[in-house]
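There are 2 protein chains.
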Amino acid sequence: MKQYTKAMKARPFDIEAGKMIAILNSNDAKELGVLPLDRIQISCPRTRKKITCVVDTTETMLKENMAGMFKDVQKKLGVRRGEKVMVQPVAPPESVSFIKKKLDGHALSEKEIRAIVHDLGQNKLSEIEAAGFVSAVYFHDYNLEETVAMTKALSQDGLQLKFDHDKVLDKHCIGGTNGRATMIIVPIIAAAGYHIPKTSSRSITSAAGTADSMEVLANVSLPIDKIKKITNKVGGVIVWGGALELAPVDDKIIKIEHPFALDPTGQIIASVMAKKASVGAKYVVIDLPVGPDVKVHTRERAEEMAKKFIAVGKKLGMRIEAVMTNGTEPSGRAFGPALEAKHVMEILEGKRFDALAQKSCELAGVLLELVGKVKKGKGTDMAKEILVSGEALKKMQEIIKAQGAYALTSFDVKYAPFKKIVKAKTNGEISKINVKKCAQLARMAGAPADKKAGVLLFVEVGDKVKKGQPVLEIHAENKRKLGLAVEYAKKDRVIQMQKIILEKFS
Amino acid sequence: MKQYTKAMKARPFDIEAGKMIAILNSNDAKELGVLPLDRIQISCPRTRKKITCVVDTTETMLKENMAGMFKDVQKKLGVRRGEKVMVQPVAPPESVSFIKKKLDGHALSEKEIRAIVHDLGQNKLSEIEAAGFVSAVYFHDYNLEETVAMTKALSQDGLQLKFDHDKVLDKHCIGGTNGRATMIIVPIIAAAGYHIPKTSSRSITSAAGTADSMEVLANVSLPIDKIKKITNKVGGVIVWGGALELAPVDDKIIKIEHPFALDPTGQIIASVMAKKASVGAKYVVIDLPVGPDVKVHTRERAEEMAKKFIAVGKKLGMRIEAVMTNGTEPSGRAFGPALEAKHVMEILEGKRFDALAQKSCELAGVLLELVGKVKKGKGTDMAKEILVSGEALKKMQEIIKAQGAYALTSFDVKYAPFKKIVKAKTNGEISKINVKKCAQLARMAGAPADKKAGVLLFVEVGDKVKKGQPVLEIHAENKRKLGLAVEYAKKDRVIQMQKIILEKFS
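Protein sequences appear in the order of chains A and B. Note that this note's numbering has the first sequence beginning at 14, numbered continuously upward. Note that this note's numbering has the second sequence beginning at 14, numbered continuously upward.
The following block holds chain A by itself, in its conformation from the complex:
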């Protein structure tokens, strides 16, 4: 490889790109023999630092002999504006050739997968290279060994929670909706004497994520050592995983998959299992809701995924149980952080026992059976006992206190002040409730940014309702948002929901 080196002047731009990118005038690029997306090494003789960047070229933005760089690059080099730097072409990292290998349909070794994950983590691959990798996996998927290798690489690349025993349990829901079963399962499992350090996500397009709902009750942004300490003390936490740097490369891969909604099975499994491995979980229940409006559409697909989860778990020394659940209906009647949190607390307080409570006990029961606490077939009963006895509530309040309590009971959880009840206009029967449309309505009312805003359903599928009977209630922080939500509920575009819930009433 040619090793031509050119002296240039540093030209920093005041912007953080989050990527190691350098910009050269097209003529300089030609002189160096590099094309856009090739790599150069920039070194600063004064600071004796050097860095490898992906090249972009321009004909207008930069004059010749200037090495343009974003803040990230400038900081790492410690270089000043106008200072002399040395620029030379360098070969792409080896991982680019591994990506090409996968593009060509060949399976990757553990070492190769580790190199790709490492370079993604270090921002050493361009977006185009990263997209090439994601496309390759979409086409060829992973075999079992590759899935295991990807799981290990993803979890080992980030921080890891480590416990001195293996009684660490966890749960995960693939394409979940609303309801927050997690906030019932975690205290049941912790009350049963196990560790369950649960990291959750915030909402992106739904009305609330588990982290958003839990944040109504307590602080969810905790550092990793605090999470370990609380788990050791009270048995469980429910925190936001977003800022924790557990398997951080997973988030980068998900970002790239997003535009085409690419979700190769192997990558989904590695992604979930890596996060479970990162918190040291040894017993995991995977909730697979099946339905036309959720991620997994058919029983066949759910079964295929279940088998793969179990196989990967085996290779990693983890015991996995995957459970198909009903994804055709909302898994709770509330949509919005506070509304869902209040609903969960009411279940823990013994004030209601509905489908969400039942589902939570079944999933917790699976975990209790898996870890050997109880005989097969008796897990749900034990979970219910822990719930109805009030032990789960007590444990939940310990967890909330340990995380810095905001609200300890359902009484402490308030709804947004402006509300509107939507009533049935005729008699009839509820035939379908579209979860996505409910979430959308809650978002229009302000959720999840307005924590107390959202939607409460008074009915479920199969209910017979009478004219004038309330079917749902919208809560919002101000009249404008309430008006927006009500207006949307009336518009054709949202009528999908009205058609379904209200077609016999509105």
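Quick caveat, the hints were computed from the structure, so don't treat them as lab data. Some hints could be false.
Identical copies carry no separate label here, and so any pair may be met within one copy or between two of them.
DSS-like, lysine-lysine: derived pairs with alpha carbons at most 25 Å apart [what the hints assert, rightly or not]:
no.	residue 1	residue 2
1	LYS97	LYS492
2	LYS76	LYS32
3	LYS268	LYS76
4	LYS432	LYS43
5	LYS175	LYS239
6	LYS113	LYS308
7	LYS241	LYS433
8	LYS391	LYS327
Just so we're clear, the structure is a prediction, and the values are computed from it rather than from any experiment.
Let chain A serve as the given structure and place chain B on it in line with the hints.
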């Protein structure tokens, strides 16, 4: 789709990104319900302009309620720093779903391909979406109809040369090396009475592109109307195609293919044919050098490509002949813009008739047969006649003058002043000459940026040489570069060349 709109403050960044990208604080993105790589519309109430951008998010770069935008976006909106803009999520362009369709292995319609090319041209697709498209084509390639549709879409998306007759000829070389047969073929064809408006590329990794060599003789950066005028007047031009906006999207696709060296056959063919269609060519000869160090490695691959070129041409009303040539040796003895230009002029002046001259006459002959000027099998003879009679030289000088002459004869072309002759150290026979290594050596001497720098070979494969006999000559603009080249020629890493040319001598 939700239509939540948020008022924000414009925060322009002083940098041209060449892409329509907006930057939002992660919290604002969450409030709007958009993920990185989703799209938002930004509108400015004052200027009444609006624009769709791909979203990137940040937690550090921007505070909440700021809509970050690069210069491109700011200019189009005409917005001032701090001014109020309205931001709302919008759906991705339809072309993203067409890309997904191709990713899933389905053939695309002409309309769908046109939409993708249009959106690539308008920078409406993110790099990741563009990379997804290129990967999809790499996996599934195009069928004949898709190749034809891509060719049309690429050429119609850019400027087009139009002539009022169909006697427009052209040639193209797939993965060519050195030698510049184009600069011999164009004057032969123009002298025979046909139009041949040849657009050429500059060097990227070779010692010179045709545009670089022609630029030693004349101005190659001409606007499209001038190209048409000169072609109508003298029959031909040899210009740089880079700034002409002929099939501009092709360049974008090639850029994305580059990191993985992806080159699906259908895309190569569409790329070449689009540029030919853009200049109005009706008769085209495709030169396919075959050899281990050039783009096409086997006869089978060359035959497959030849058939596809001919089939696509038929659908577009173009007559194509594809010719396999020997790609195992340099197609000329010179490397570097001026050295290659001088060599070509010496052939046109009748001072030498070597392998390059023979190849040029054969390719020109194919064109003369294709257009019906001469009976099959007699084309080469006619081309040679035009060459040896001096008609081609006369025509070349007309072309050079029309393009603003810098040099009219081989005498006017000078080499760089510092030179070093490399001699054979023992007796022996030349077994192989590695074209890539020759080009690299010329680049070390300064080519193509230093137009007069380069390498001249005195031998060809099969030549018997004696100890002390010159085998090659290096020219450079200064002692430092000459020293660099000589030093590299001695180093192990460049010794590949010595091993090959010089293994019996050094």
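Verification of the hints:
1. With identical chains, the CA atoms of LYS97 and LYS492 are at most 25 Å apart between copies only, with a shortest distance of 23 Å across copies and 60 Å within one.
2. Both within a single protomer and between protomers do LYS76 and LYS32 lie at most 25 Å apart by alpha-carbon distance, with minima of 22 Å and 20 Å respectively.
3. In this assembly of identical chains, LYS268 and LYS76 lie within 25 Å of each other by CA distance solely across copies; the values are 22 Å between and 34 Å within a copy.
4. Taking CA atoms no more than 25 Å apart as the test, LYS432 paired with LYS43 passes between copies only; the shortest distance there is 23 Å, against 65 Å inside one copy.
5. Taking the closest pair of Cα atoms, LYS175 and LYS239 come within 25 Å of each other only inside a single copy of the chain (13 Å); across copies the shortest separation is 72 Å, beyond that limit.
6. Only between protomers do LYS113 and LYS308 lie at most 25 Å apart by alpha-carbon distance; the minimum there is 17 Å, versus 29 Å within a single protomer.
7. Neither within a single protomer nor between protomers do LYS241 and LYS433 lie at most 25 Å apart by alpha-carbon distance, with minima of 43 Å and 71 Å respectively.
8. Taking the closest pair of Cα atoms, LYS391 and LYS327 come within 25 Å of each other only inside a single copy of the chain (24 Å); across copies the shortest separation is 73 Å, beyond that limit.
Comparing the model with each earlier hint shows a violation of hint 7 alone; every other hint is respected.
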